[in-house]
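Student: Each chain, written out:
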Amino acid sequence: MKIRQDFVTNSSSVSYIITMYRPIVEGFIKNYSSKLSNCKSRAVQLLYDDLLANGTRNMLEGVEIYTKKFKFRTDGDAMWEDSYDKPIDEIDFDSMPDNDVWALVYGEYFEKKRINEIDGFGITQVFVS
Amino acid sequence: MKIRQDFVTNSSSVSYIITFCPSLYEIMDNFYWNGREDKKEIKYSRIENLIKKDLLESGTRVYWEGSELYVKKYEFDTEETATDHMYEEQNEEVDFRAISDDDLWNYIRGQFFAMGDLGRINGFGVTQVETY
Numbered sequence: 179m180k181i182r183q184d185f186v187t188n189s190s191s192v193s194y195i196i197t198m199y200r201p202i203v204e205g206f207i208k209n210y211s212s213k214l215s216n217c218k219s220r221a222v223q224l225l226y227d228d229l230l231a232n233g234t235r236n237m238l239e240g241v242e243i244y245t246k247k248f249k250f251r252t253d254g255d256a257m258w259e260d261s262y263d264k265p266i267d268e269i270d271f272d273s274m275p276d277n278d279v280w281a282l283v284y285g286e287y288f289e290k291k292r293i294n295e296i297d298g299f300g301i302t303q304v305f306v307s
Numbered sequence: 119m120k121i122r123q124d125f126v127t128n129s130s131s132v133s134y135i136i137t138f139c140p141s142l143y144e145i146m147d148n149f150y151w152n153g154r155e156d157k158k159e160i161k162y163s164r165i166e167n168l169i170k171k172d173l174l175e176s177g178t179r180v181y182w183e184g185s186e187l188y189v190k191k192y193e194f195d196t197e198e199t200a201t202d203h204m205y206e207e208q209n210e211e212v213d214f215r216a217i218s219d220d221d222l223w224n225y226i227r228g229q230f231f232a233m234g235d236l237g238r239i240n241g242f243g244v245t246q247v248e249t250y
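First to last, the protein sequences are chains A and B.
Counting from 179, one number per residue, gives the positions in the first sequence under the working numbering.
Counting from 119, one number per residue, gives the positions in the second sequence under the working numbering.
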């Protein structure tokens with residue numbers, strides 16, 4: 179039986195707009211970075227750096243908000259903390275390539291919405307375009 | 119419903135940007151609830167409708183990253199909030215059919231904005247922006 183792979187692929191594409199208010203995120207990193215797990219700390223820093231370098235700056239009611247849209251496939255681009263073959267605390271995320279950390283950000287922080295745990299970041303799911 | 123304000127010991131002014139993508143929300147809401155609207159929890163029906171109405175009526179329509187969103191900044195004092203934790207402490211159960219809109223807004227500000235529950239509803243987002 180022939181299976182339409184393209185349909186399967188398209189059906190699991192998702193898009194999110196990530197919002198960031200820089201001063202609050204910087205305060206969070208300054209105050210909590212040393213207390214976070216290696217995994218979470220790296221994810222937060224990667225996201226912050228990317229929004230700052232590649233995001234769009236918007237002004238809303240006197241507030242400067244950085245935004246960036248992320249589109250990815252849930253069945254191949256994303257990883258959850260329990261997807262790894264080792265306990266998450268035993269993995270060295272500091273030496274991991276950015277692409278692999280992005281997979282964790284997509285799965286654990288976007289799909290599971292755990293980005294809401296990080297002050298100053300927000301996430302809004304939008305249509306896949 | 120009476121809310122014990124003394125639970126909040128250090129009141130402060132906080133601000134959140136609320137984002138809303140109506141097209142995504144409607145698609146997901148129809149997908150889950152079309153034809154069985156009565157099964158949707160009244161708590162979420164009322165909260166989503168109240169926030170949606172407010173954003174559509176008084177939010178700003180923007181195109182961020184190619185998507186149409188309604189956004190609005192909400193600024194309030196933490197004394198004007200209620201959370202699940204506060205209700206548990208008071209051993210009080212909320213009747214979401216009977217609660218007034220004003221009291222529901224207190225709950226939305228506390229549990230859905232400040233505690234971030236809104237970010238778990240498809241199509242909505244919440245970003246803390248300022249604290250004084």
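FYI, nobody ran anything at the bench for these hints, they're computed from the structure.
In this text, all values refer to a predicted model and were calculated from it rather than measured experimentally.
Careful, some of the hints might be misleading.
Claimed, not checked - Far from chain B by the CB rule (all over 10 Å, computed), these chain A residues:
#: 1; residue: Ser193
#: 2; residue: Ser211
#: 3; residue: Glu239
#: 4; residue: Met274
#: 5; residue: Asp276
#: 6; residue: Asp278
#: 7; residue: Trp280
#: 8; residue: Glu295
#: 9; residue: Asp297
#: 10; residue: Gly298
#: 11; residue: Gly300
#: 12; residue: Thr302
#: 13; residue: Gln303
Unchecked claim - In the DSS-like style, the derived pairs of lysine-lysine whose C-alpha atoms are separated by at most 30 Å in a straight line are:
#: 14; chain 1: A; residue 1: Lys246; chain 2: A; residue 2: Lys291
#: 15; chain 1: A; residue 1: Lys291; chain 2: A; residue 2: Lys213
#: 16; chain 1: B; residue 1: Lys158; chain 2: B; residue 2: Lys170
#: 17; chain 1: B; residue 1: Lys157; chain 2: A; residue 2: Lys208
#: 18; chain 1: B; residue 1: Lys170; chain 2: A; residue 2: Lys208
#: 19; chain 1: A; residue 1: Lys247; chain 2: A; residue 2: Lys208
#: 20; chain 1: A; residue 1: Lys291; chain 2: B; residue 2: Lys191
#: 21; chain 1: B; residue 1: Lys191; chain 2: A; residue 2: Lys249
#: 22; chain 1: A; residue 1: Lys246; chain 2: A; residue 2: Lys208
#: 23; chain 1: A; residue 1: Lys247; chain 2: B; residue 2: Lys170
#: 24; chain 1: B; residue 1: Lys191; chain 2: A; residue 2: Lys247
#: 25; chain 1: B; residue 1: Lys158; chain 2: A; residue 2: Lys208
#: 26; chain 1: A; residue 1: Lys290; chain 2: A; residue 2: Lys247
#: 27; chain 1: A; residue 1: Lys247; chain 2: B; residue 2: Lys157
#: 28; chain 1: B; residue 1: Lys157; chain 2: B; residue 2: Lys170
#: 29; chain 1: A; residue 1: Lys208; chain 2: B; residue 2: Lys191
#: 30; chain 1: B; residue 1: Lys191; chain 2: A; residue 2: Lys246
#: 31; chain 1: A; residue 1: Lys213; chain 2: A; residue 2: Lys246
#: 32; chain 1: A; residue 1: Lys291; chain 2: B; residue 2: Lys171
#: 33; chain 1: A; residue 1: Lys290; chain 2: B; residue 2: Lys157
#: 34; chain 1: B; residue 1: Lys157; chain 2: A; residue 2: Lys246
#: 35; chain 1: B; residue 1: Lys171; chain 2: A; residue 2: Lys213
#: 36; chain 1: A; residue 1: Lys208; chain 2: A; residue 2: Lys290
#: 37; chain 1: A; residue 1: Lys213; chain 2: A; residue 2: Lys290
#: 38; chain 1: A; residue 1: Lys291; chain 2: B; residue 2: Lys158
#: 39; chain 1: A; residue 1: Lys208; chain 2: A; residue 2: Lys291
#: 40; chain 1: A; residue 1: Lys208; chain 2: B; residue 2: Lys161
Glycine residues also receive a C-beta, built at the ideal position from the N, C-alpha and C atoms.
Student: With 10 Å as the threshold, tell me whether Asp297 (chain A) passes as away from chain B on beta-carbon distances.
Tutor: Check fails; 6 Å does not lie beyond 10 Å.
Student: Quick check for students: does the CB of Trp280 (chain A) sit more than 10 Å from each CB in chain B?
Tutor: At roughly 17 Å from the nearest Cβ of chain B, Trp280 (chain A) sits farther out than 10 Å, so the non-interface label holds.
Student: With a cut-off of 30 Å on the C-alpha distance, tell me whether Lys171 (chain B) and Lys213 (chain A) pass.
Tutor: Answer violated: Lys171 (chain B) to Lys213 (chain A) is near 40 Å, above 30 Å.
Student: Compare the distance between the alpha carbons of Lys213 (chain A) and Lys246 (chain A) with 30 Å, and conclude whether the hinted pair is satisfied.
Tutor: The given pair, whose Cα atoms are some 27 Å apart, holds under the 30 Å limit.
Student: Are all C-beta atoms of chain B more than 10 Å from that of Met274 (chain A)?
Tutor: About 26 Å separates Met274 (chain A) from the closest Cβ of chain B, which puts it past 10 Å; holds.
Student: Take a quick look at whether Lys191 (chain B) and Lys249 (chain A) sit within 30 Å of each other, Cα to Cα.
Tutor: 26 Å, holds
Student: Is the nearest Cβ of chain B still more than 10 Å from the Cβ of Asp276 (chain A)?
Tutor: 21 Å, holds
Student: Need the status of pair Lys208 (chain A), Lys291 (chain A): alpha-carbon distance at most 30 Å?
Tutor: 22 Å, holds
Student: Check the hint pairing Lys247 (chain A) with Lys208 (chain A) against an upper bound of 30 Å on the C-alpha distance.
Tutor: 26 Å, holds
Student: Within 30 Å, alpha carbon to alpha carbon, are Lys246 (chain A) and Lys208 (chain A)?
Tutor: Given pair Lys246 (chain A), Lys208 (chain A) holds - Cα atoms ~23 Å apart, limit 30 Å.
Student: Going straight from one Cα to the other, do Lys290 (chain A) and Lys157 (chain B) come out at no more than 30 Å?
Tutor: Distance ~24 Å between Lys290 (chain A) and Lys157 (chain B) Cα, so the pair holds.
Student: Compare the distance between the alpha carbons of Lys158 (chain B) and Lys208 (chain A) with 30 Å, and conclude whether the hinted pair is satisfied.
Tutor: Distance ~41 Å between Lys158 (chain B) and Lys208 (chain A) Cα, so the pair is violated.
Going down the numbered hints, you'll see the structure goes against 1, 3, 8, 9, 10, 11, 12, 13, 17, 18, 25, 27, 34, 35, 40, while the others check out.
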